[in-house]
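Residues per chain are reported as follows:
Number of protein chains: 2
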Amino acid sequence: MDTPDTPLFVRACLNQPVERTPVWFMRQAGRALPEYREKRGTGSILETVKDPELAAELTLQPVTRYKVDAAVLFSDIMVPLNAIGVELDILANVGPVIFEPFTDISHLSRIRRYEPEEDAPYVQEAIRLLVKTADVPVLGFAGGPFTMASYLVEGKPTRTFAKIKALMHQNQDFWFLLMDKLSELVVASLSAQISAGAAAIQLFDSWAGYLSRYDYEKFVWPFSKKIFAELSKLPGPKVPKIHFGVGTGAIIDLMASAGADVISVDWRLPIDKVRQMIGRDIVIQGNLDPAICLAPFPVVAEEAGRILKAALVAKEAETDSAKNDKVSGHIFNLGHGVLPETDPDTLSGLVEFVREKTGHK
Amino acid sequence: MDTPDTPLFVRACLNQPVERTPVWFMRQAGRALPEYREKRGTGSILETVKDPELAAELTLQPVTRYKVDAAVLFSDIMVPLNAIGVELDILANVGPVIFEPFTDISHLSRIRRYEPEEDAPYVQEAIRLLVKTADVPVLGFAGGPFTMASYLVEGKPTRTFAKIKALMHQNQDFWFLLMDKLSELVVASLSAQISAGAAAIQLFDSWAGYLSRYDYEKFVWPFSKKIFAELSKLPGPKVPKIHFGVGTGAIIDLMASAGADVISVDWRLPIDKVRQMIGRDIVIQGNLDPAICLAPFPVVAEEAGRILKAALVAKEAETDSAKNDKVSGHIFNLGHGVLPETDPDTLSGLVEFVREKTGHK
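These protein sequence lines are chains A and B, in that order.
The first sequence runs 334 to 694 under our numbering.
The second sequence runs 334 to 694 under our numbering.
The shape of chain A in the complex, shown without the other chains:
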């Protein structure tokens, strides 16, 4: 039975009946769009997000152009940390840079309690503006504690995660206190976004897949679980939760058991294989390789078709109660963010392709 009052995207996240598979793209508001490059200028993202009207406008650009089914807030995972006074910047072509990396347990006093309405009212204000104007649901988000911690400890993006891995083993007091503080910050941030009107949220634990399964299970997973549990206690209608990481083949079953409604996977494993690994009841988001979007459109369509087929095979493995021809168990997305060199027409074509291939006659 359709429930037309609830948006398609939210129903899909909750494994409820849908008229077709919804689609959105991570980093859909970003440098691939000429209208984004024109509007945003060259300043720091951290400044841009402080202007709620501008943030709302940037959020809507890809909704208008691509016709995606969710408006992911234009923001950054480092915004709450910056808002409580951790000195950092997001550098173009680099990523987050921390002016004084966290190396000693005494540095943790720099992470004070995050009060979203006082520290970063502009985030919630942008969501409130969007709720009034957008005709698709607004998706809020936060960084996973490990992913934020990796920047705080390494000081910048890393390929080896050497400092943070050594630290979590050798200084566990530091590690668990840091995780506690970051988890609290995440819960505060996501709760405020939900209060402001976010219809769903995504936890970007982008780099969790760089850890061994053992390290993930001991040092990270308990905090993701706690975050999702806290969010589940919020009053009001159920707001679906999405759990995202890259290269997570070794930990996907753990991530899927942390309490989210949707697990978002990169391009490495086909969706039908992921379904075999995580059980039957969680929705899968993904999983086109963003690099494929740089190829000519026929290639993109072929790959997208393959993914939709794998999602159908995955559906066969669902529980009888979920086995409903109006339930897809799938949200179409890329496996990671849109690459800046992507042709926007490719993404428009991709949205149309998914709509046509999955829409009920």
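Please note that the accuracy of each hint is not assured.
No copy labels: a pair is met if it fits in one copy or bridges any two.
Taking lysine-lysine and the DSBU-like style, the derived pairs with C-alpha atoms no more than 35 Å apart in a straight line are [what the hints assert, rightly or not]:
#	residue 1	residue 2
1	LYS514	LYS489
2	LYS690	LYS496
3	LYS606	LYS496
4	LYS606	LYS551
5	LYS642	LYS383
6	LYS606	LYS642
Hints in this document: simulated from the structure, not taken from any laboratory.
Small disclaimer: the values here were computed from a predicted structure and weren't measured.
We have chain A already, so just place chain B on it with the hints.
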């Protein structure tokens, strides 16, 4: 039954009886060693390898210091390409850089047939010197065709592999010709190293794990399979073949079925999980996270102990014929190369730890 004429490392690769688990480290000859930094100076690695006496000396430094069970040749996966005239360099803290990246099928004429004894006699000469002087077997190696191609097409190390992934889909004539040529080069290179006395070889397809399973199976796996099949036809005693990649959880069963005797895995999946995924008859190499080696030694020992325990659990899953208490089915290694900032004493201690824990009383 012991076969003392065959070195421990070679017997372990072939799943024959061993008195203990052998251990070596990828990039054991390298910047972590003060004696390496002193000897090598600041020139390009490509120049250093052209001096066989020096290459042999650098190869032996970690054998002398760490007491590892194999001497992996000091060289680089890009040496054969450079030797046939592809202009490139290996930049410190960057990696391989190609002066004119390969973007058009016409560029493939730059990859001519590799004749090891004419184009790079110094590689074989270094091996011949080592065979005379080293008291452990010499391990030769080559880059996997995909990994070499990624540098040729991208022009430098990449995080997204965007150009090469788009290219393999949109210009398959280019792709398959490139793979054919690189596979031929790999077979020529490894055959010559074996003729010169290499007792085992490793194929470094380091970046294969960045591909989707679908792309790996279609665009890369057939070439790895062909390479191992060609090497199996060489006359003389069986020379074991090791197949290596990072982040290969989504393709590990495919990699393990390409024809190598040993599959080398990074730190993400515990060895007992890997054993479940790849069947019973292939030896597993790995899998300590190189980042862990930056922690104090008790942490390193704890993690190494956990890996040895997982290897024992994995052994339980082996075939009855292989279930011999003198067969470990495991070669201890890191999951990727030694990080330059590693304390050499940590690696010495690690070798001793593995010897003590796995040696038969």
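Each hint tested on the structure:
Only within a single protomer do LYS514 and LYS489 lie at most 35 Å apart by alpha-carbon distance; the minimum there is 20 Å, versus 39 Å between protomers. For the homomeric pair LYS690 and LYS496, the shortest alpha-carbon distance between copies (28 Å) is at most 35 Å, but the shortest distance inside one copy (46 Å) is not. With identical chains, the CA atoms of LYS606 and LYS496 are at most 35 Å apart both within one copy (33 Å) and between copies (26 Å). When the C-alpha separation of LYS606 and LYS551 is checked against a cutoff of 35 Å, the pair qualifies both within a copy, at 25 Å, and between copies, at 17 Å.
In the homo-oligomer, the alpha carbons of LYS642 and LYS383 never lie at most 35 Å apart, since the shortest distance is 42 Å inside one protomer and 52 Å across protomers. Taking the closest pair of Cα atoms, LYS606 and LYS642 come within 35 Å of each other both inside a single copy (12 Å) and across two copies (28 Å).
Hint violations for this structure: number 5 only, all remaining hints satisfied.
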